[in-house]
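Going line by line, the protein sequences match chains C and A.
Take 832 as the starting number for the first sequence in my numbering and just add one per residue.
Take 171 as the starting number for the second sequence in my numbering and just add one per residue.
Please note that a few of the clues may not be correct.
Derived lysine to any residue pairs resembling SDA-like cross-links, with alpha carbons at most 25 Å apart [unchecked claim]:
1. Lys837(C) / Lys586(A)
2. Lys608(A) / Leu976(C)
3. Lys586(A) / Pro555(A)
These aren't lab readings, by the way, just hints derived from the structure by calculation.
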Amino acid sequence: MNAAQKPWEERSAARVVAPARPRKLAKVPFVELADGRLQGVVSSGSDIERVYVSSLTAANHSFHCSTNNNRPCGGIRSGGCNHLRALADEAVLQYGVERVARYLRADVAADATTGAAVLAAVNAWHEPSAGAPVFSRFLRHLAYLELPATTEPMPELHWFPAGGAVR
Amino acid sequence: MRFDLLTAPVDGVSEAYDVVGGFDGTLVAGLLRPGAEQIAALHGLAAAVSGTPLAARVAEAVDKTVAGSISDEHLAALVAARSALLGAAHDALLAQLDEAAGRSRDLWPAAVPSAPAGAENLLAAARSWLSDLAIAGWRGIDHDLVSHADQAVQALLAEPRLRRLGALLDGFAGELRACAPGATMPRVPVRRWADLWARALLLAQPGALAAAEAGTVSGRLLPLGIDLHEHPTAVQAQVHAVLETADGPRLVRASVAAPKVDTLVGSGVWQLLRGHSSLLAAVTEQRAMDLVDMPVTAGGDLIWTDGHARPGAPAEPFATARVQLATAAAAPVPPLERHPVRLAEPVLLEGYTVTPHDDGVTLALPGLTIEVDVERMHSAGPLTPALVATSTACIGLLRWDGCWTIQPLAVEAAVKRKTVAVHAGAWAGGAGDAAGAKAEAAAADAVKVLRERAGRLLRR
Numbered sequence: 832m833n834a835a836q837k838p839w840e841e842r843s844a845a846r847v848v849a850p851a852r853p854r855k856l857a858k859v860p861f862v863e864l865a866d867g868r869l870q871g872v873v874s875s876g877s878d879i880e881r882v883y884v885s886s887l888t889a890a891n892h893s894f895h896c897s898t899n900n901n902r903p904c905g906g907i908r909s910g911g912c913n914h915l916r917a918l919a920d921e922a923v924l925q926y927g928v929e930r931v932a933r934y935l936r937a938d939v940a941a942d943a944t945t946g947a948a949v950l951a952a953v954n955a956w957h958e959p960s961a962g963a964p965v966f967s968r969f970l971r972h973l974a975y976l977e978l979p980a981t982t983e984p985m986p987e988l989h990w991f992p993a994g995g996a997v998r
Numbered sequence: 171m172r173f174d175l176l177t178a179p180v181d182g183v184s185e186a187y188d189v190v191g192g193f194d195g196t197l198v199a200g201l202l203r204p205g206a207e208q209i210a211a212l213h214g215l216a217a218a219v220s221g222t223p224l225a226a227r228v229a230e231a232v233d234k235t236v237a238g239s240i241s242d243e244h245l246a247a248l249v250a251a252r253s254a255l256l257g258a259a260h261d262a263l264l265a266q267l268d269e270a271a272g273r274s275r276d277l278w279p280a281a282v283p284s285a286p287a288g289a290e291n292l293l294a295a296a297r298s299w300l301s302d303l304a305i306a307g308w309r310g311i312d313h314d315l316v317s318h319a320d321q322a323v324q325a326l327l328a329e330p331r332l333r334r335l336g337a338l339l340d341g342f343a344g345e346l347r348a349c350a351p352g353a354t355m356p357r358v359p360v361r362r363w364a365d366l367w368a369r370a371l372l373l374a375q376p377g378a379l380a381a382a383e384a385g386t387v388s389g390r391l392l393p394l395g396i397d398l399h400e401h402p403t404a405v406q407a408q409v410h411a412v413l414e415t416a417d418g419p420r421l422v423r424a425s426v427a428a429p430k431v432d433t434l435v436g437s438g439v440w441q442l443l444r445g446h447s448s449l450l451a452a453v454t455e456q457r458a459m460d461l462v463d464m465p466v467t468a469g470g471d472l473i474w475t476d477g478h479a480r481p482g483a484p485a486e487p488f489a490t491a492r493v494q495l496a497t498a499a500a501a502p503v504p505p506l507e508r509h510p511v512r513l514a515e516p517v518l519l520e521g522y523t524v525t526p527h528d529d530g531v532t533l534a535l536p537g538l539t540i541e542v543d544v545e546r547m548h549s550a551g552p553l554t555p556a557l558v559a560t561s562t563a564c565i566g567l568l569r570w571d572g573c574w575t576i577q578p579l580a581v582e583a584a585v586k587r588k589t590v591a592v593h594a595g596a597w598a599g600g601a602g603d604a605a606g607a608k609a610e611a612a613a614a615d616a617v618k619v620l621r622e623r624a625g626r627l628l629r630r
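Just chain A, with the same shape it has in the complex (with noise of 0.2 Å):
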C-alpha cells in the first residue's frame, strides 16, 4: 500500500464540493424565495453539469425554481445534477485509494433495463414529503411537517423492494423530530441533511429502486470484519471478507439488517441480526465458510442465504490481511450508490505510530498522517480507541468525509506484553464478556415486553 499516494488532493474534488455546498445552504432557507445568494449558488450547480446530459433539464430546474415554480420533475433533476457531482467526486477518490492500495476493480457491466419496483403511489407520496421539505427549507420544518412523513415511511417499509427508502425517511425524518422548529436550532447540519434528502428523491424515482441482477459465487469466504450501522429504528452488520474463487481472491461484502426500536442499542442489537446469517456466528468463532452458489451482485454484495454456506476451518483476520488483502480484486460501486460517505475499503495498517489526542487518535504511517474515525467506533463490541492507541497493526475502513480517515475493524494491541487481536464485530455471534452478556439479556428483556404489549394491543 502506498499510503503517501493518499496526500495529494484530487483533481476537481474540492471544486465539486464548493457548487455542491452552494446548492446545500439553499435548503437552509428553502426553495420557495430564493435570494440573491441561493439563485447564484443553484446557477453555479447548473454551470457545473453544463458539459453533460443533464445540461438542459437542470438549466431549466434552476430557471423555474428562480421563478418560484417548482416541481416535482424540477427537484428530480437539481438532485440528479448534485448526485453526479458527489458521483464523481466518489469515483475520484475511489480511483487514488484503489491506486494506493494497487486494488484492481472490475468495471460496471452495461446497464440492463429491470422492472421498476412497482407500488409509483407510495414513491408519489415520498416525494411531495420531499418536496414540501425543500420548499420550508431547514430553517422551516415544525412538528407538523415532520410528522406528515410518519404514513408513507410506515408503507414503505412494509414493502420489501421499497424498505431502503423507508429506513432512509425514517432515520431522516427521527433527526428533523428531534431537532424540529427549525428556526431555533443552534446550528444545522446542512451537508447531512442534504445528502439523506437527496438520497431519499433519487430513490423515490420510478425505477431506483429495481432489484439488483444477481449472479451466484463459490469458494471458501474468509472474513475480515464488521462494519456497524445503526438508527433509532435499523440496524445493519457489513461484513467484509475475502472469497477465494476459481478466478482468484475477490473482496466482498455480506449484509444483515433489521428493524429496530431506539431503545435497543449496543451490544443488544446482534440478537436481531443473528438468526438471519450463520456468518455472524463464523465471525465471533474466526471461521472460514464455504459457498456453494451464493447469490451476489455485480457490486460485490452477498445476498446472504444460510442454505448456500457452511462453518469452515478456523481462519483469523489478520492472516487473512496480510496474505490476500494486497491481491484481492474489488468489485465496481453501483452508479446511484457512488457518494463519499459509501467509501469503505478494506486495508491492513502496520508499522504506523500512534498519537492519541483530546478528540481521539492520530495514526502517522510513512508517508501519511490519518485520523481514526472514533465517531464509527461502537460500543456493542470489545474494541476501544484506548485499545487503538495501544495498537501495532489495524484491520480498517478507508473512509471520506472531507479528508480521509479510518475506521478501525481489528487491532494487534499489546495487552499484558502478549500481542492480541481485538475485533469489533467480535460480539456479533454471542457476547465474549459479562457486560456484554448482561447487556444482550437486558435488551433479550426488552423485546419481551414490547412483544407481549404488542400481542396485547396490536392486533385489535
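Okay, chain C solo, but in the shape it has when bound (with noise of 0.2 Å):
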C-alpha cells in the first residue's frame, strides 16, 4: 500500500483558487476581484478611444463610475450604472456568482446566478474615488500579451498546475 494522501495544508500542490473561466472580452476587456474591489473596465459604445473604469468596494459598498480620463460617468444612479451592471455580469461569468458574492460580502440568495441579483443585494452607492489605480490594473493585465515567450524551463511552474478536468 501507499500511503494516504496528506490533508490540503499539507500539501505544496493544493488548489487555493479555481481557474476563472474564459468569456468574451469585446464590452468588458477587464474585470477582477482585487484590492478590496469588484474593478474593471468597461468598453464604451459609441467611441472606441473611450472606456470606463468602474469599481464596487467590498468594505462599505460605494461604487465608482468614470472614464479612464477622469469624467463622470453620465448614467449615475442609485443601485450603480449601466457599466456597473456590465462589471458585475461578466465578473459572474469569470468567477461564479458564489466568488463574487463572498468576495463583496454581498447576502445573495442561494439560488442567485446574475450579477444583477449581487448588485441589488449589495445596494450599491455612489462615492466618487480615482479610478486612475483600476486603469493602471488594467494597463498592467494587457502588458502580459506584449511580453515574450520563452523555451527556457521554469521550474517553479510544477507548482501550478492546469487542472480543470472533468470528472
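Put the complex together from the two separate chains, hints included.
Below, the structure is given as C-alpha cells:
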C-alpha cells in the first residue's frame, strides 16, 4: 500500500483559487476581484477611444464610475450604472456568482445566478473615488500579452498544475 | 519497474517534513513576535541542520528571530535550512524512484562559478516584500501588503533573466490577493504558501538565477507526452521525451512558456505556445524530431530552438515507452530546484486494475496501490479521469506530495471494443475536435480584443 493522501494544508500543490472561466471580452475587457473591490474596465459603446473604469468596494458597497480621462459617468443612478451592471455580469461569468458574492460580502439568495442579483443584494451607493489605480491595473493586464515567450524551463511552475479536467 | 519498492517509507523524509511543518507554522502568525510553540519550531529547524555547514548561520538567525530583530540575511539562512531539508527529502525520494525504475542517473557536475544575473535592486525589492510577508504572517496579510508586490513583479517580468522569479511571485501574489485579508480566511494553505515564499526568497538571492551552462545534443527525439502548468498570468508546456544519442537513450524535457491573462484558459492556451516550438505540432502528429546541436542544460532541459530541429518519422509514444523507457538514462536535478514538487518522472504502467471512486481513480499494480493525481489533469486535452478509469496502460509522471501519485500523460483505453491511445497533450499542435476548435477560436478572439485595447490605450 501507498501512504494516504495528506490534508490540503500539508500539500505543496494544493489548489487555492479556482481558475477563471473564459468569457467574451468585447464589452468588458477587464474585470477582477482585487484590492478589496470588484473592479474593471468597460468599453464605451459610442467611442472606441474611451473606456469606463468602474469599481464596487467590498467594505462599504460604495461604487465609482468614470472614463479613463476621469470624466464622471453620465448614467449614475442609485444602485449603480450600466457599466457597473455589465461589470458585475461579466465578473459572475468569470468567477462564478458564489465567489463574487463572497468577495463583496453580498448576501445573495442561494439560487442567485446573475450579477444583477449581487448588485441588488448590496444596494450600491455612489461615492466618487480615483479611477486611475484601476485603469493602471488594466494597462498592466494588457502588458502581459506584450511580453515574450521563452523556451527556457521555469521549474517553479510545477507548483501550478493546469487543472480543470472534467471528473 | 519494481513498483513494490515505492511502498516503503523513505528514511528521514517524514522527520524532515515534521521539522519543515513546524517552521511553516511560524509563518501563519508571522515572525514578528513568535510564541513559545513557534520558538520551539525555529530551534527545531536549527537543530535539524546543526551537523551541516549551515549550522552557525541558522542558529544565529533563529536567535535573532526569537529576539525580534530579524534581517534579510537571517531570513535567507532560515530559508536555506528549510530548502536543504526538502532538498534532501527530494534526493532520497528520487533515489527510491530510480531504484524502483532501474533508472541510472548522471551525477551533478561540479559547480562552475556563474555570473550573477545583475539587477540587484530588483532582487532587493522582491526580498523586501517577501520579508514584509514573513513578518506579517499569512493571517496578517491585507490588500495593501499584497499590492506592494505589483511593481517588483512587473519589473522582474520585463527582465528575461529574472522572469522565473517574476512568474513565481505573480502566481503567489495572485493567490494572496484572492484570499486577503488573511484574518478572515477559513483555511490557510500552510505548506504551499511557505513553499512559494521560500522558493521566491531563494531565487531572490544574488546569483541564484544565473544562466544555466548549456551544452548541445544531437539525435532522434521521441516525445512521451506533455505536462501543462498554468497560473493566471503564465502557462508552460513541458514535453517529456526520450532522446536517442550516440551514447544511448536519455530522458530529456523541452519547455515552452508564455505570459497570459487569466481569461485565457483550457485549450485556448496552446496558441500562445505553438509559435515558439515546432515540437508541439510534432507531439500532436506523433512524430519524432531530429535534433542537431540542440542546446541542453546539465539538468536535461533542452533549450528549444526550431533551427536545431526538423520533423522526423512517425513515432508512437507507447512504443517509445515500451521499448526505450526502461533503459533511458536520466539527468541530475540542479541543486536549487531540488524540492519534492519537482519530482515528475516518466514511467509506463501496465497490468493494473482500476477502481474509480468519488474523488478520483485508484490504480492497483502488483505490489503498489497508487492514486491518480486528478488535480493535475487539465481540460486542455482529450484525456479525462473517466478514460483513465477504463484504461489498460498509462504513460504518466510519478509525483510526490506527501505520497506517490501518478499524473497520466496518455492512456490506452478500450473505446467501442477497440484499444485507442488518448494523450493529454494531443491538442498542443491544433484542436482535435469541434469543442476544442471552438475554445481555440474564443481564445483567439479574446487575444484580439486585448491587443486592440492595448493598441489604443497602452502606448500613450
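Tested hints:
| no. | hint | in the structure |
| --- | --- | --- |
| 1 | Lys837(C) / Lys586(A) | violated, 37 Å |
| 2 | Lys608(A) / Leu976(C) | holds, 21 Å |
| 3 | Lys586(A) / Pro555(A) | holds, 18 Å |
Violated hints amount to a single one, hint 1; each of the other numbered hints is respected by the structure.
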